[in-house]
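Asks: The primary structure of each chain is shown beneath.
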Amino acid sequence: MAQTGQDGQTEQHFFKDPVQDRLMAVCMTLANELWVTRSRLMTLETLLAEKQLVSPDELATAGPSTDQQAALDNFADALIAALNDRQASRGAEADILKKFS
Amino acid sequence: MQEQDFLAGQAFLLAMKKRWTTGLYSQLQEKCHLQAARNGQPLQLADIRTFLEPDPDYQIFAWLERHLQKMKYSGPYGLAPYHRERTEQLSAQLTAEGAAERLELADDFEQPAYYQAVDIHQQPGGVWSEAVSGLIYERGARTTTPMLGQEHRDLHDRFAELVLENVGQLPQRAAILDLGCGFGKSTRPFWELAPEAIITGVDLAAPCLQLAAAEAARAGRQNILFRQADARDTGCAPESQDLVTSTMLLHEMPGTGLRAMLAESFQLLKPGGWAVHLDFWLLRDAFDRFIFEGHSQRNNEPFMRALFDMDIKAEAEAVGFEAVELTAFAEDSNIDPESWPFWRFPWTVFAMQKPA
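Protein chains in written order, with my numbering: chain U, 1 to 101; chain F, 1 to 356.
Okay, chain F solo, but in the shape it has when bound:
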């Protein structure tokens, strides 16, 4: 496909996405508010299901969420066909002088069964199975949060700044571990804000790690390693890390996996070290719950729904963490998580400390 057609095709999909995440979303929310007012009490989740599921506005909202995403990846101007047609040319982005020293891929790595069982976000083949999978994922991630700009930086910068400001004084050469680092968008702010830190990014997907290593090499970043490993069993030494972090990992893991990841994080941390994760959890009301249970189903993120049912604080404390706090996170300075009127992820910071 021609480059201009691809760009125009993707621009259409983003334009449509901006409309269901604002106008349609607000319409549905207003309908629920009015229904609650008629009932004289807030709607429960079951009430909202009964009320909205037969509503054509909701049906169109749900259809648009599912199918615009499908078209984004697999349609006539989809990310997958575009990148696959250009595999040879685009693969050059995966190599850079110095990338090899920043990359450690496992021979004959066996992907977990849960990971292979679904193509998350409707990216065909998942983020791990093709040479261009990481590039497709990176391009797709630019429009995941349609109300923000197309730079990955803002949201991840804000999170990294928040973490580093609140975990106390880290040593200059702190060891930082970014679990489920993907193509490195969550890792980058840490290596920019903590230039002396020794940073490891861990992920299951080789194509993503290759992209992350190439970008770190192009930026000339030292003391960084992107390793192919499972967040449940990273291969890092016990009590080796000052800080363990992750961004948008928790909701992509089944509950058993999440528990194992918490246990792994605990044993990797030095006494007094912090684990701080950014994910989706604090829901304002039953309407949020309804919308995001639907998102979990529609966007091929089946474990998100189960995450909402987990008592994360209790799970973290069971592993040994203390000072466990879950707080709402504003992904932009203009956003108040409590009152933002449009669709947005229920960003939540999960912070916990290993006893000193």
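Looking at chain U on its own, in the form it has when it is part of the complex:
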């Protein structure tokens, strides 16, 4: 098989900071996943309603159970926690080498 970019060629960059190119890439990958998931969900809900396994009313009004709401709250908490700019474990202080040498 011919050589491909997988052999180590750096990707083209379009933004001043190449990290922004990578952020765009992860966002677009996530958007792709979301589209696929939404598509499958729409199909599933339509089939459930057509086969009268679940009524359109039930689909429209069913809300998260207590457990499901707790899971959603945990999801939101995790998103916010990722923004808190805090270490999650004890990091070494700046003077650790001096302190213990």
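Hints are computed from structural coordinates only; laboratory data are not their basis. A couple of the hints might just be wrong.
With a Cα cut of at most 27 Å, we get these calculated DSSO-like pairs of lysine-lysine [what the hints assert, rightly or not]:
# : chain 1 : residue 1 : chain 2 : residue 2
1 : F       : K31       : U       : K16
2 : F       : K313      : U       : K16
3 : F       : K18       : U       : K16
DEER-style ranges, computed between Cβ atoms [as the list claims (entries may be wrong)]:
# : chain 1 : residue 1 : chain 2 : residue 2 : range
4 : F       : D55       : U       : I80       : 47 to 53 Å
5 : F       : P112      : U       : L34       : 41 to 47 Å
6 : F       : G235      : U       : C27       : 35 to 41 Å
Here a beta-carbon is modelled for each residue, glycine too, at the ideal position from N, C-alpha and C.
Let chain U serve as the given structure and place chain F on it in line with the hints.
Replies: Structure of chain F alone, referenced to chain U:
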């Protein structure tokens, strides 16, 4: 991956592509028009580079063009992983009763170095290196022109009709050669419109030729042969062809290769025969030039940029052709090449005749 996930994943990418080829493209074009108005004169290419390259709208446009294409072929729902997972099952499309008689592959064919040097269109492995490469290429080509439908037929039908209407009366059993025929999408309209013609399609890529031969066999088309050969040295007999054609070949060849292809075409044609190629060349303005130089870089089509610099008319005349004409081509009846407001390839017909 599941079939429905693949279809949904590809649909997302096409939906995104339709947006950068329309809204974002138009925004950038409008920015350049306004800048030109402020300057009181049209922008030159260097002006546009200076003006647009730091612009976030352009940066996002360029990123989308590059990366949506990359995802189309190599992403989680990409054409390559989808087809590779199904190689055994999909390879059945490459066989058909009668396909073998319509196919001539070369033993130990050596791909040209320029051809191996880049995976065109970002198709990993190129269009030649795997059993399913032709199938991947065919599937990918369905969404190359997002403003048209997903059928290959319209654009290629229009071109074949134009060619056959304008090259004068061909003999009933005309010999027609389609260079760089790929999986046969450009060849098909010729064998449909000229049912008695003797048609040869030539390409470097065996997987593409296999698909072309299988489809011709399924359609029951006689007097057609798909041969693995280089457009620069086809192996066809001198003065054997009434018509030589190609579609989207020129911009995939380096300049030296293109010159060699022109010379080969000349010597293959009967006196009075025509060579008519469809490719990308006539650019309306510096903005078009900027966009397509970028496309050349972003879409792994490095020779396109150099093609824009070539004096094709002079090159064809140097080989001996006369009546060389380059004209803009409308790929759809709704499109005016001069004023179409959205992204489209700068389709150009290159017509030339061998002296009688």
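Asks: Among all the numbered hints in the text so far, which are the ones the structure does not match?
Replies: 2, 4, 6
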